[in-house]
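With the sequences and hints as input, model every part of the structure.
First residue of the sequence shown: 1003, per the numbering used here; consecutive thereafter.
Please note that the accuracy of each hint is not assured.
[Said to hold, decoys possible] Label pairs and their computed distance ranges (CB to CB):
no.	residue 1	residue 2	range
1	Leu1060	Gly1014	26 to 36 Å
2	Glu1013	Tyr1059	16 to 26 Å
3	Gln1030	Ser1010	30 to 40 Å
4	Gly1048	Gly1027	13 to 23 Å
5	Leu1008	Ala1034	25 to 35 Å
6	Gln1063	Gly1018	34 to 44 Å
7	Glu1026	Glu1049	10 to 20 Å
8	Pro1061	Arg1017	30 to 40 Å
Just so you know, the hints here were simulated from the structure itself, not pulled from any lab data. Don't be surprised by glycine CBs; every beta carbon is placed ideally from N, CA and C.
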Amino acid sequence: MHVEGLASGVEGLQRGAVIWEVTEGAGQFAGATGLITSNFTVGAKGEVVDNHYVRLYLPDQRKS
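Structure, rendered in structure tokens:
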């Protein structure tokens, strides 16, 4: 994984994003696939705002 801070256009604020791919799950998430994204900013004093967004696809349990 590569994470790189980028200038945001606001003095002293860096921005970035990461995407994780979900390839399997366990328990109630068995067979899950999807994506998790992290969109974040880091201020000049180290303050962090980090938002995660999740899109999971679960297998249809009714097709047993």
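query: Per the hint of 13 to 23 Å, is the separation of the Cβ atoms of Gly1048 and Gly1027 within bounds?
result: 33 Å, violated
query: Is the gap between the beta carbons of Pro1061 and Arg1017 within 30 to 40 Å?
result: With Cβ atoms ~35 Å apart, the hint holds.
query: Does 34 to 44 Å hold as the CB distance between Gln1063 and Gly1018, or does it fail?
result: 37 Å, holds
query: Is 30 to 40 Å right for how far apart the beta carbons of Gln1030 and Ser1010 are?
result: 38 Å, holds
- prompt: When you take the CB atoms of Leu1008 and Ala1034, is the distance between them in 25 to 35 Å?
  reply: 30 Å, holds
task: For Glu1013 and Tyr1059, compare the CB-CB distance with the range 16 to 26 Å and indicate the outcome.
output: Violated, since Glu1013 and Tyr1059 (Cβ atoms, about 41 Å apart) do not stay within the stated range.
message: A range of 26 to 36 Å was offered for this pair. Does it hold for the Cβ distance of Leu1060 and Gly1014?
response: 41 Å, violated
message: Looking only at beta-carbon atoms, does the pair Glu1026, Glu1049 fall within the given range of 10 to 20 Å?
response: Violated: the Cβ-Cβ distance is about 35 Å, outside 10 to 20 Å.
Hint compliance for this structure: hints 1, 2, 4 and 7 are not met, and every other hint is.
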